[in-house]
Amino acid sequence: MNIMTEQSLENAVGDKMNAKSNEVIKMRGDKVGVFYGDKQALFDVNLDVRLNQVTALIGPSGCGKSTFLRCLNRMNDTIDSARVTGKITLDEEDIYDKNIDVVELRARVGMVFQKPNPFPKSIYENVAYGPRIHGLAKRKTDMDQIVESSLKKAAIWNEVKDRLQEPGTGLSGGQQQRLCIARAIAVSPEVILMDEPCSALDPIATARVEELIDELRQNYTIVIVTHSMQQAARVSQRTAMFHLGYLVEEGATDKMFTNPDDKRTQDYITGRFG
Amino acid sequence: MSSLLVLAIVVAIGVVAFLIGRQRAAAHENGTVKPHSRAHYHGWWAFLLAVLPALLLLAVWTIGSSVYLDRHIHAALPERTADSKVASEALDVSLVKSLAKGIRRLDANTLPASFAELQPLLAAKGVALATDTQDYMIPIAVEANKVQDRLGLFGAVITLALAIAGAFYALRQIAPRARARNNVERLMLWGLLAASTIAILTTIGIVLSMLFQTITFFESVSPMSFFFGTVWDPRFADAGSGGSQGQFGLIPLLAGTLYIAAVALLVAVPVGLMSAVYMAEYASPKVRGVVKPALELLAGIPTIVYGIFAVVTLGPFLRDLSAALTGGSPFIQGQSIFTAGLVMGIMLIPVVSSLSDDIITAVPRAMRDGSLGLGATRSETIKRVILPAALPGIVGAILLTASRAIGETMIVVLAAGVAANLTVNPFEAMTTITVKIVNQLTGDLEFNSPQTLVAFALGLTLFALTLVMNIVALYIVRKYREQYE
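Order-wise, the sequence lines are chains A and B. Going by the numbering used here, the residue at position 144 of the first sequence is 144; the numbering climbs one at a time, nothing skipped. Going by the numbering used here, the residue at position 433 of the second sequence is 707; the numbering climbs one at a time, nothing skipped.
Here chain B stands alone, though its shape is the one from the complex:
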């Protein structure tokens, strides 16, 4: 029986339990004792008791049986020898598994004994198999299918039994003073808690996975030379070559990251802030209704498109422009800090403006009236009352924007260049942490070499950087909220 069918039956049992539970509880509502919970709570409690334990069991059973099956196949395979035709044991097992899946489509009684005969039959059914599948695997696959069927059937039976037992238990509990409402509410709470825990656990998982790779990296490269090194020259280590040691200095990448982010903020903050002020204070509802969505459209453009715009349109244009200005040699390179920063800044304008707009609008109207009532002009009111009052929030918004700028990848991959320079000239190419993560993880590099592992150290550094900025930003924003509430 397939898991999907079992799932459907379990839910069906739950629905039936819900209906019966609600009906039974409703019968109590006209009795002499005032019921503790309304009828639908009893229904929901029956549903939850029928469905949840059964589903948990099904999940555990499914995972457990697949592990068991692996072991079973593993044990059935012949002892590996030096001249085995298959590269590794894991590959052996997975070949048997795909074979088992394939032969389910054929009639088990007329199965040919050799793979050479089997392959065309399977190909006719649209199943493609790896050519290193061996003849001895066929009986193992047949056996594996039988084991799987038995496990599946048994699992389905106990799951359904548990669902029915749960439903009966819940239905038996129904009484006027039974606290079904509290039970349902408590389960709701646990559900919500579980949802938020998943996010936190995922974050921890990501950090840990990066942390272990980073530790491996620091075993071959010292943290001092990583964090304070000024030369980025990882060399190349082809798969299997054992790797030649390069230099992994973070400083040029960090400098490039911060430089480009600074240029981007220099573009995004003034423009975004001013458009937010216009939108919040001056724009008539009609204008606002058009301009605000248009501006937020900018936020919907995928960053790779910005990157293409930078590298195909803006970069060459600026290069040619600078060449025309000097009459020959361009002083702006096709890929440069300036180009990348400018385009990233344009991308960030809607982020700044929409965050700031919310913050400016949140300044109470009484502040505006108070200032206007004293004979201040609109711009004086904005400059002296509204912006100072909104300042903490705006600073928070800018920090959030900055952490986006630092983490931004696609634009800089395309527009900033890959040369790890240390320069102050904004018209030259510089590279960023994110670009190098992409470079080091793509391509045919051996995974365990420091050349690849450095990407995790870079990633962790980036994570720490943006985390600190986000924490500071959230702290400032929260502090600002306390002022008015």
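Next up, chain A with everything else stripped away, as it sits in the complex:
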């Protein structure tokens, strides 16, 4: 699988959008289960992630939503005791298949973490890190362009353009998180996974990141784990509710927040538990 350049990705996205915009399944989880050692953390989750939509995963702490998210780019592989059962596909390809290279998979399915984690390098080097590993830029000018466009897409370019050589760790929390988003965008992923990206940010920075997520939806497919019901309602098109390792229900965000089928969803959204 070649990593698509940004241009071809946008073309491909455009083509699919024209065909049938809302109903293309980008990723599909089929009876996904996760074990940490002997303890099962996730049970038989069937969940689709649709192209160019934001899918929000909600539920009380420890319900398995982050675990599911980390399955989508096999980040659970980095935990020794974790074991995944069932099937997860990306463009109808099984990502746990032996022939799939996990490094390529993670280039296609990027991830933004709960706590901003810029590397202790310059802002420029933070963004250039991914493209450099994957050899996306042959010349310095190409790299400059990737860095600039990624920072622009992450809506942080204007704030950092004059200090690209300063350390990324010197930015404010909200800026750091947008830098991490820029870093994820720089390798031109098809899907971006976000694990509570705003939980460490203040309300203003949160608003900026949410705005950004909405813009990014044009070009990328996004899965976001969040504890904030408002956030899920604001940014997502689809919402999935998890509880105790099970997927309770899944559907269009509007419906989920106004007229959920399951009582547990109703209770959770209205703040009766969780």
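Do not rely on the hints blindly, as some may be mistaken.
Claimed, not checked - The list that follows gives simulated cross-link-like pairs (lysine-lysine, DSSO-like), each with its CA atoms no further than 30 Å apart:
#1 A:K152 <-> B:K657
#2 B:K375 <-> B:K420
#3 A:K115 <-> B:K657
In short, the hints are calculated from the structure, not lab data. The structure presented is a predicted model; accordingly, all values stated were derived computationally and were not measured.
Following the hints, position chain B against chain A.
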């Protein structure tokens, strides 16, 4: 009364004071006034007031009375004349003291007047005395024993009196609002402060003692010729010969020290660092559980054993190997920079790996996840994120290791050789500062000759060298810590 018994009684008084104090304070706890300190603080304060001043007094008294006794014996001894049978006054005094100790085992009333009769009696009790003990010392020793007994008894009485007074004073103070807790805490603080001061004072003491000898050394050898001299040839000065002047050039020793340390680091750093990376990043808990202790076992081997290994096994092996390779004459000597450096490097592997392992593990997991989440492989993550983030700490670890390599003694004494060569060939023998310190201080040399005193100048140089490296290392490590906390 023996000091040990006095000590036991003082502590017993303290324990009683503790119990009474705690009980009295506990009685206040049900009163109308809320007590300031909990009962056991009052107990501890009584204990401390009873024990500490008494012990201080006992210590001062013991030291003072032994000084007094020395003077007493000294005054009682007959005037020294040219034909005195004992070599020096100090020896005189110490002979009387050991005699006094010996005759305590005998009945004072039936003591013989001559040493010739006394000696077999004492020998029967298992006390051996020097043969230059003179007859006139016996009455002095008897007298000294009496003085010592009086001093001891008096000291015990005032110590116990002080302990009881302290206990009473503390117990009288007990009241609901008395601040026993603050007192105890303050005393704790002083205790801790004293403990850390001892370490610092000891260091200062060591440096000063070396400094004075070094100054004496530089009175006979100029610092210029010591620090910049390229020839090490101290000659020998037998005791009493007055000494013939040699040449004390530091350069060959310094070069040897740094050369061997460099070879050792060349072995230890790559191997240690890679094993640390393996241990921190790749090893499963099971493997780690076996390999890490095994590696740290290396650190537990005494360096003299490494030295024996180098000189008995590795040195001859390398010499024979090189002889076999050239078909005759070996190009690696039995004692060489290479052998010493190699063995020292092996010794240092666990130091590098265990320090680096801690530093690599301290890099936050978020860094790893961030890199892996972008599709970096493990080795890319290690190379581009983890090692750069850990670099300051690793540099600090390497510097600490280097200062160990420079100060290492036993391996180089055995494996590096004693010839103060200036060479670049790693297969020849070279010597180090530590080896020369050992050489100059052991053996039958006159202490006040520059041949011996040079050891202090060398020691001070070595101390300065490792001190600077440690300071730089600590500075770097501290700077690194600030990054994540």
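Going down the list of hints, with the structure as the test:
1. Distance restraint check for A:K152 and B:K657: the Cα-Cα separation of roughly 28 Å lies within the 30 Å cut-off, and the hinted pair is therefore satisfied.
2. Only pairs whose Cα atoms come within 30 Å are accepted, and B:K375 paired with B:K420 is accepted, the gap being roughly 12 Å.
3. With a C-alpha separation of about 23 Å, the suggested pair A:K115 and B:K657 falls inside the 30 Å cut-off, and the hint holds.
Of the numbered hints stated above, none is contradicted by the structure.
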